[in-house]
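2 protein chains.
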Amino acid sequence: MAKAPQNAISPTRSEDYPEWYQQVIKAADMAEASPVRGCMVIKPWGYMLWENMQRALDDKFKETGHQNAYFPLLIPMSFLEKEAEHVEGFAKECAVVTHHRLEPDPNGGLRPAGPLEEPLIIRPTSETIIGASYAKWVQSWRDLPIKINQWANVLRWEMRTRLFLRTAEFLWQEGHTVHATAEEAIEETQMMVDVYAEFAEGWMAMPVIRGSKTAAERFPGAVDTLSIEAMMQDRKALQAGTSHFLGQNFSKAQQIQFQDHDGDLQYAWTTSWGVSTRLIGALIMTHSDDDGLVLPPRLAPTQVVLLPIYRDEQQRDYVLEYVHDLKKELQSQTMAGAPIRVDIDDRDMRGGEKKWYHVKRGVPIRVEVGPKDIAKQAAFVSRRDTGKSVPLGREELVESIGDLLADIQQELFDRALKHREDNSCKIDNEADFRAYFTPKNEDSPEPHGGFAYCYFAEEKDLEPLLKELKVTIRCIPQVNNDQPGKCFLTGKPAAKQGIFAKAY
Amino acid sequence: MAKAPQNAISPTRSEDYPEWYQQVIKAADMAEASPVRGCMVIKPWGYMLWENMQRALDDKFKETGHQNAYFPLLIPMSFLEKEAEHVEGFAKECAVVTHHRLEPDPNGGLRPAGPLEEPLIIRPTSETIIGASYAKWVQSWRDLPIKINQWANVLRWEMRTRLFLRTAEFLWQEGHTVHATAEEAIEETQMMVDVYAEFAEGWMAMPVIRGSKTAAERFPGAVDTLSIEAMMQDRKALQAGTSHFLGQNFSKAQQIQFQDHDGDLQYAWTTSWGVSTRLIGALIMTHSDDDGLVLPPRLAPTQVVLLPIYRDEQQRDYVLEYVHDLKKELQSQTMAGAPIRVDIDDRDMRGGEKKWYHVKRGVPIRVEVGPKDIAKQAAFVSRRDTGKSVPLGREELVESIGDLLADIQQELFDRALKHREDNSCKIDNEADFRAYFTPKNEDSPEPHGGFAYCYFAEEKDLEPLLKELKVTIRCIPQVNNDQPGKCFLTGKPAAKQGIFAKAY
Numbered sequence: 000m001a002k003a004p005q006n007a008i009s010p011t012r013s014e015d016y017p018e019w020y021q022q023v024i025k026a027a028d029m030a031e032a033s034p035v036r037g038c039m040v041i042k043p044w045g046y047m048l049w050e051n052m053q054r055a056l057d058d059k060f061k062e063t064g065h066q067n068a069y070f071p072l073l074i075p076m077s078f079l080e081k082e083a084e085h086v087e088g089f090a091k092e093c094a095v096v097t098h099h100r101l102e103p104d105p106n107g108g109l110r111p112a113g114p115l116e117e118p119l120i121i122r123p124t125s126e127t128i129i130g131a132s133y134a135k136w137v138q139s140w141r142d143l144p145i146k147i148n149q150w151a152n153v154l155r156w157e158m159r160t161r162l163f164l165r166t167a168e169f170l171w172q173e174g175h176t177v178h179a180t181a182e183e184a185i186e187e188t189q190m191m192v193d194v195y196a197e198f199a200e201g202w203m204a205m206p207v208i209r210g211s212k213t214a215a216e217r218f219p220g221a222v223d224t225l226s227i228e229a230m231m232q233d234r235k236a237l238q239a240g241t242s243h244f245l246g247q248n249f250s251k252a253q254q255i256q257f258q259d260h261d262g263d264l265q266y267a268w269t270t271s272w273g274v275s276t277r278l279i280g281a282l283i284m285t286h287s288d289d290d291g292l293v294l295p296p297r298l299a300p301t302q303v304v305l306l307p308i309y310r311d312e313q314q315r316d317y318v319l320e321y322v323h324d325l326k327k328e329l330q331s332q333t334m335a336g337a338p339i340r341v342d343i344d345d346r347d348m349r350g351g352e353k354k355w356y357h358v359k360r361g362v363p364i365r366v367e368v369g370p371k372d373i374a375k376q377a378a379f380v381s382r383r384d385t386g387k388s389v390p391l392g393r394e395e396l397v398e399s400i401g402d403l404l405a406d407i408q409q410e411l412f413d414r415a416l417k418h419r420e421d422n423s424c425k426i427d428n429e430a431d432f433r434a435y436f437t438p439k440n441e442d443s444p445e446p447h448g449g450f451a452y453c454y455f456a457e458e459k460d461l462e463p464l465l466k467e468l469k470v471t472i473r474c475i476p477q478v479n480n481d482q483p484g485k486c487f488l489t490g491k492p493a494a495k496q497g498i499f500a501k502a503y
Numbered sequence: 000m001a002k003a004p005q006n007a008i009s010p011t012r013s014e015d016y017p018e019w020y021q022q023v024i025k026a027a028d029m030a031e032a033s034p035v036r037g038c039m040v041i042k043p044w045g046y047m048l049w050e051n052m053q054r055a056l057d058d059k060f061k062e063t064g065h066q067n068a069y070f071p072l073l074i075p076m077s078f079l080e081k082e083a084e085h086v087e088g089f090a091k092e093c094a095v096v097t098h099h100r101l102e103p104d105p106n107g108g109l110r111p112a113g114p115l116e117e118p119l120i121i122r123p124t125s126e127t128i129i130g131a132s133y134a135k136w137v138q139s140w141r142d143l144p145i146k147i148n149q150w151a152n153v154l155r156w157e158m159r160t161r162l163f164l165r166t167a168e169f170l171w172q173e174g175h176t177v178h179a180t181a182e183e184a185i186e187e188t189q190m191m192v193d194v195y196a197e198f199a200e201g202w203m204a205m206p207v208i209r210g211s212k213t214a215a216e217r218f219p220g221a222v223d224t225l226s227i228e229a230m231m232q233d234r235k236a237l238q239a240g241t242s243h244f245l246g247q248n249f250s251k252a253q254q255i256q257f258q259d260h261d262g263d264l265q266y267a268w269t270t271s272w273g274v275s276t277r278l279i280g281a282l283i284m285t286h287s288d289d290d291g292l293v294l295p296p297r298l299a300p301t302q303v304v305l306l307p308i309y310r311d312e313q314q315r316d317y318v319l320e321y322v323h324d325l326k327k328e329l330q331s332q333t334m335a336g337a338p339i340r341v342d343i344d345d346r347d348m349r350g351g352e353k354k355w356y357h358v359k360r361g362v363p364i365r366v367e368v369g370p371k372d373i374a375k376q377a378a379f380v381s382r383r384d385t386g387k388s389v390p391l392g393r394e395e396l397v398e399s400i401g402d403l404l405a406d407i408q409q410e411l412f413d414r415a416l417k418h419r420e421d422n423s424c425k426i427d428n429e430a431d432f433r434a435y436f437t438p439k440n441e442d443s444p445e446p447h448g449g450f451a452y453c454y455f456a457e458e459k460d461l462e463p464l465l466k467e468l469k470v471t472i473r474c475i476p477q478v479n480n481d482q483p484g485k486c487f488l489t490g491k492p493a494a495k496q497g498i499f500a501k502a503y
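Residue numbers (numbering that gives the first Met the number 0), protein chains in the order written: chain A, 0 to 503; chain B, 0 to 503.
Since the hints were made in silico from the structure, they are not lab data.
On a predicted model such as this, the values are computed, not experimentally measured, just so you know.
Cβ atoms here follow ideal geometry from the backbone N, Cα and C, with glycine treated the same way.
Be a bit skeptical, because a hint or two may be false.
Stated by the list, open to error - Cut-off 30 Å, straight-line C-alpha distance, at most; resulting in silico cross-link-like pairs (DSS-like, lysine-lysine):
| hint | chain 1 | residue 1 | chain 2 | residue 2 |
| --- | --- | --- | --- | --- |
| 1 | A | K135 | B | K326 |
| 2 | B | K327 | A | K59 |
| 3 | B | K251 | A | K61 |
| 4 | A | K146 | B | K146 |
| 5 | A | K327 | B | K81 |
| 6 | B | K81 | A | K61 |
| 7 | B | K59 | A | K25 |
| 8 | A | K25 | B | K25 |
| 9 | A | K59 | B | K251 |
| 10 | B | K25 | A | K81 |
| 11 | B | K327 | A | K135 |
| 12 | A | K61 | B | K466 |
| 13 | A | K61 | B | K135 |
| 14 | B | K326 | A | K25 |
| 15 | B | K495 | A | K25 |
| 16 | A | K354 | B | K353 |
| 17 | B | K81 | A | K146 |
| 18 | B | K326 | A | K146 |
| 19 | B | K135 | A | K59 |
| 20 | A | K354 | B | K326 |
| 21 | B | K354 | A | K251 |
| 22 | B | K354 | A | K135 |
| 23 | B | K327 | A | K326 |
| 24 | B | K251 | A | K25 |
| 25 | A | K61 | B | K485 |
| 26 | B | K146 | A | K326 |
| 27 | B | K81 | A | K59 |
| 28 | A | K61 | B | K327 |
| 29 | A | K353 | B | K81 |
| 30 | A | K417 | A | K371 |
| 31 | A | K326 | B | K251 |
Claimed, not checked - Here are the computed distance ranges between Cβ atoms for each label pair:
| hint | chain 1 | residue 1 | chain 2 | residue 2 | range |
| --- | --- | --- | --- | --- | --- |
| 32 | B | A112 | A | P17 | 54 to 64 Å |
| 33 | B | P492 | A | Q53 | 40 to 50 Å |
| 34 | B | D406 | A | G336 | 51 to 61 Å |
| 35 | A | G336 | B | K425 | 27 to 37 Å |
| 36 | A | Q265 | B | P34 | 52 to 62 Å |
| 37 | A | D345 | B | Q256 | 43 to 53 Å |
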């Protein structure tokens, strides 16, 4: 008899982490590559997750005083030219629209026709097109602040793409705000990175570190970029959200000016901030295991799936009736203030196959119910995160379901936090730094290194070493970073520590 | 003393209907033209309305068994070529991406670089790109049906654009389903036009007529297009949503095939259906008046606005306290099952100015509260739709608010239905038809005609007359259309009546 495979996902994480990632997505039926280079198709299970993320984030944006709006997909080429660093940052990856119709090609097929006077680019981000509106809307201090968010698709022509993590087109939200003072804009920048951290930790169960980007890693055109950084299971860092203080760079480039209380004309202060479908990649790599996706309950499209078990039509009828009643009872319970999301899978399918279907899709709790369970007024309850199963009385299950889901949510967070702490260290010299980020042998598939906290003085002094080791400065953490020290490489006095890591 | 203008919107509907429409949008701060030809900026008040529409429609789609997903924005040019009628319909209005980066132009500025091997078009609709996925996903009858919806932006390069009604880029949803049988696909097509009608009538308070499009007016590539048609206040028709039975046209063009129960390979049957931000234009033109926007309560972002009135700081404090309590009480009430959406406008602004601000934005109910009202435990309640104001006791207001909003919703629908009925007639000869659609004098700004119900036999017989009068066949209504008759123009036997009208 052939032995059943030990894990649902092949290869496993330790065998080949990047390929494991692709296989988890495939097994959970979340997304796939499309015929269009670098663009993905987000399938229903992946999109439901995005919808839950959107809902939670959108509520937070509105609670913090923002409104949604929508600005054009296309940006005149000349708009991009206005802010020098910005164009430098995005010109190399813009999809360019040059024609506005197709006509029959004499050699067969179609060809572009109707050339545009000025080429248009598909937004890689919307500072320039939204700024054009803001320049019109802002006249006086009375018009400020403007706090608007947009849910949209953007496009950056990436050469190497990976589902969710890096795709040419992706979905995101971009907030764009305008303020009368630097202080207020800085406060907004901080508030939004805090909102992102709260979402990452509270909803995604993904611990993150808040910090400032160094000059070389900043958003093109920003004065300061704050980010949240998370550690994946292979110990690489992933930037999960950014919030930019743009100073007066964009308001000067776009003439966003207002009359202050004294009637003087001032340039406004702007911010922008965004998270994208990349968060789904981060979620997968934070919690999933060698059996597939593991979802934190707060974001899981289905939190509890009920699996009726029966042998014949007669059993089927009363098992289904029991299961439908149980569903209603479970739905009347809540987790984190929201009604429990329960599904019944009554498809005609072998039990083992059906179980693995939901394991691979990361449903937090599976509940099997057969005639024997009904006789005992009980059910067989399995947790996706620990893999453990226990029989539970029906009443007990219903009463404890909210707590059980909350436990899972917390344990996922704790486990990810422990992983990060176990793989973080302080390094104060080059030799240790090199050893930390160098694989023990060249062929080792084993990832190496984690988060190294190191003092550093001049970013440019580090460049050759970081390039050689393929390490980047993820951020200068905001917390516990007040004591000065010495640069790990040059020994120069250094005000702050940075987090160094290999990164996605 | 200068006399106050009689209406908030100038020109009025009877003076210049198209310009009135633009001015209503401007006065309600819903949208504006952007620097990008034909593309609009949807401002927060307009976008909130769209969000409410999305929420209601999305719930209905999910209730009827659909899931959301997301497919690429860009479509390879060759995909469009596969379905002959489809390419014919869309090739003339496609934005074409030909390059993937920008480089410095030796003459200054930037220029497109990195030419693509195959041009990509920005989706004007997604049948071809979604069909490419479906062709991969569908193997067996077990994979069917597929019922997916997508919320997305699309782009059609329109020459004459108008905010919401016709813009190059617009937001919409597009459902795309695949079925094993023609019957099931036809049923889906009908179900979705019914969903649209239910939404239009129940949420937008806009009566619609369901019917089939004639061959000349069908979606390019469809076997049958069903639509909902509404009458605007200028008596022109507006197509507010369409649902297409695509037969096997797209499955043959794209090889969407499945093995049936007998193991035979069959082409699948597909449908697509969509509504767009055009609905916002329809809403404006159905209900608004010479003072601006009028919103049906079920979709109004704010259903009740509370306007505190006070003369000094001391009054301010206790009036605001009263108003905040009142807000909470009103929010605990419901309309159509949803909590009442209440806002307080406590901005420091003249009372008249503030009142008109909300009148122009179409807030269904305004409630003014000053010290005298508080003394009487009362409030001064004004309806946007009728313009009537009455004093109401606080308790009475709270208890009746849900019913009051439901009344407004119903009366808006009834008024629009009466308008349509008053402006519909049956016509059975050319002379009457000509008279109905011809202005009494050339310079008359007065619109003319409405919905003419006429029997017709051959569509092509009518073409010269319809072209001359700028009239189109809106649809062949599904209801009360079983008796045969004679073509109003040719006298040939005709099976059905069509609705003839000028249209947006």
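Here is what the structure says about each hint:
With a CA separation close to 34 Å, the supplied pair K135/A and K326/B exceeds the 30 Å bound. Proposed proximity of K327/B and K59/A is supported: the alpha carbons are some 21 Å apart, at most 30 Å. Using a Cα cut-off of 30 Å, the hinted pair K251/B and K61/A is violated, with the two alpha carbons roughly 46 Å apart. With a CA separation close to 37 Å, the supplied pair K146/A and K146/B exceeds the 30 Å bound.
Of the pairs offered as hints, the one joining K327/A and K81/B is violated, with about 48 Å between alpha carbons and a cut-off of 30 Å exceeded. For the hint linking K81/B to K61/A, the alpha-carbon distance of about 45 Å lies beyond 30 Å, and the restraint is violated. Between K59/B and K25/A the alpha-carbon distance is near 29 Å, which keeps this suggested pair within the 30 Å criterion. With a C-alpha separation of about 48 Å, the suggested pairing of K25/A with K25/B is violated against the 30 Å cut-off.
Taken as a hint, the K59/A and K251/B pair is broken in the structure, with Cα atoms around 46 Å apart against an allowance of 30 Å. For the hint linking K25/B to K81/A, the alpha-carbon distance of about 29 Å falls within 30 Å, and the restraint holds. Distance check on the hinted pair: K327/B and K135/A sit about 37 Å apart at the alpha-carbon level, beyond 30 Å; violated. Of the supplied pair hints, the one linking K61/A and K466/B is violated, its CA atoms being roughly 50 Å apart against a limit of 30 Å.
This hinted pair does not check out: K61/A and K135/B have alpha carbons roughly 40 Å apart, beyond 30 Å. Proposed proximity of K326/B and K25/A is contradicted: the alpha carbons are some 49 Å apart, above 30 Å. For the suggested pair K495/B and K25/A, the alpha carbons sit about 51 Å apart, so the restraint of at most 30 Å is broken. For the proposed pair K354/A and K353/B, the alpha carbon gap of about 60 Å is over 30 Å, so the pair is violated.
Proposed proximity of K81/B and K146/A is contradicted: the alpha carbons are some 45 Å apart, above 30 Å. Taking the CA atoms of K326/B and K146/A, the gap is near 24 Å; set against the 30 Å cutoff, the hint holds. Between K135/B and K59/A, the direct Cα distance comes to roughly 38 Å. Violation of the 30 Å bound is thereby established for this hinted pair. Between K354/A and K326/B the alpha-carbon distance is near 49 Å, which puts this suggested pair outside the 30 Å criterion.
Simply put, K354/B and K251/A have alpha-carbon atoms about 36 Å apart, too far for the 30 Å limit, and the pair is violated. Taking the CA atoms of K354/B and K135/A, the gap is near 25 Å; set against the 30 Å cutoff, the hint holds. Distance hint between K327/B and K326/A is unfulfilled; the C-alpha atoms sit about 33 Å from each other, more than 30 Å. Annotation: proposed proximity of K251/B to K25/A holds, straight-line Cα distance about 27 Å (limit 30 Å).
With a C-alpha separation of about 59 Å, the suggested pairing of K61/A with K485/B is violated against the 30 Å cut-off. Of the pairs offered as hints, the one joining K146/B and K326/A holds, with about 24 Å between alpha carbons and a cut-off of 30 Å not exceeded. For the suggested pair K81/B and K59/A, the alpha carbons sit about 45 Å apart, so the restraint of at most 30 Å is broken. Pair hint K61/A plus K327/B holds up; C-alpha atoms about 19 Å apart against a cutoff of 30 Å.
Restraint check for K353/A and K81/B: not satisfied, since their Cα atoms lie roughly 38 Å apart, outside the 30 Å limit. Of the supplied pair hints, the one linking K417/A and K371/A is violated, its CA atoms being roughly 40 Å apart against a limit of 30 Å. A hinted pair counts as satisfied when its Cα atoms are at most 30 Å apart, and K326/A with K251/B does not qualify at roughly 42 Å. Taken as a hint, the range 54 to 64 Å is violated for the pair A112/B and P17/A, whose Cβ atoms sit roughly 31 Å apart.
Look at P492/B against Q53/A: about 55 Å separates their beta carbons, and that is not inside 40 to 50 Å. The beta-carbon spacing between D406/B and G336/A, approximately 33 Å, falls outside the hinted interval of 51 to 61 Å. In this structure, G336/A and K425/B break the distance hint of 27 to 37 Å, their C-beta atoms being roughly 57 Å apart. In this structure, Q265/A and P34/B break the distance hint of 52 to 62 Å, their C-beta atoms being roughly 24 Å apart.
Restraint check, D345/A to Q256/B: a C-beta distance of roughly 28 Å breaks the suggested window 43 to 53 Å.
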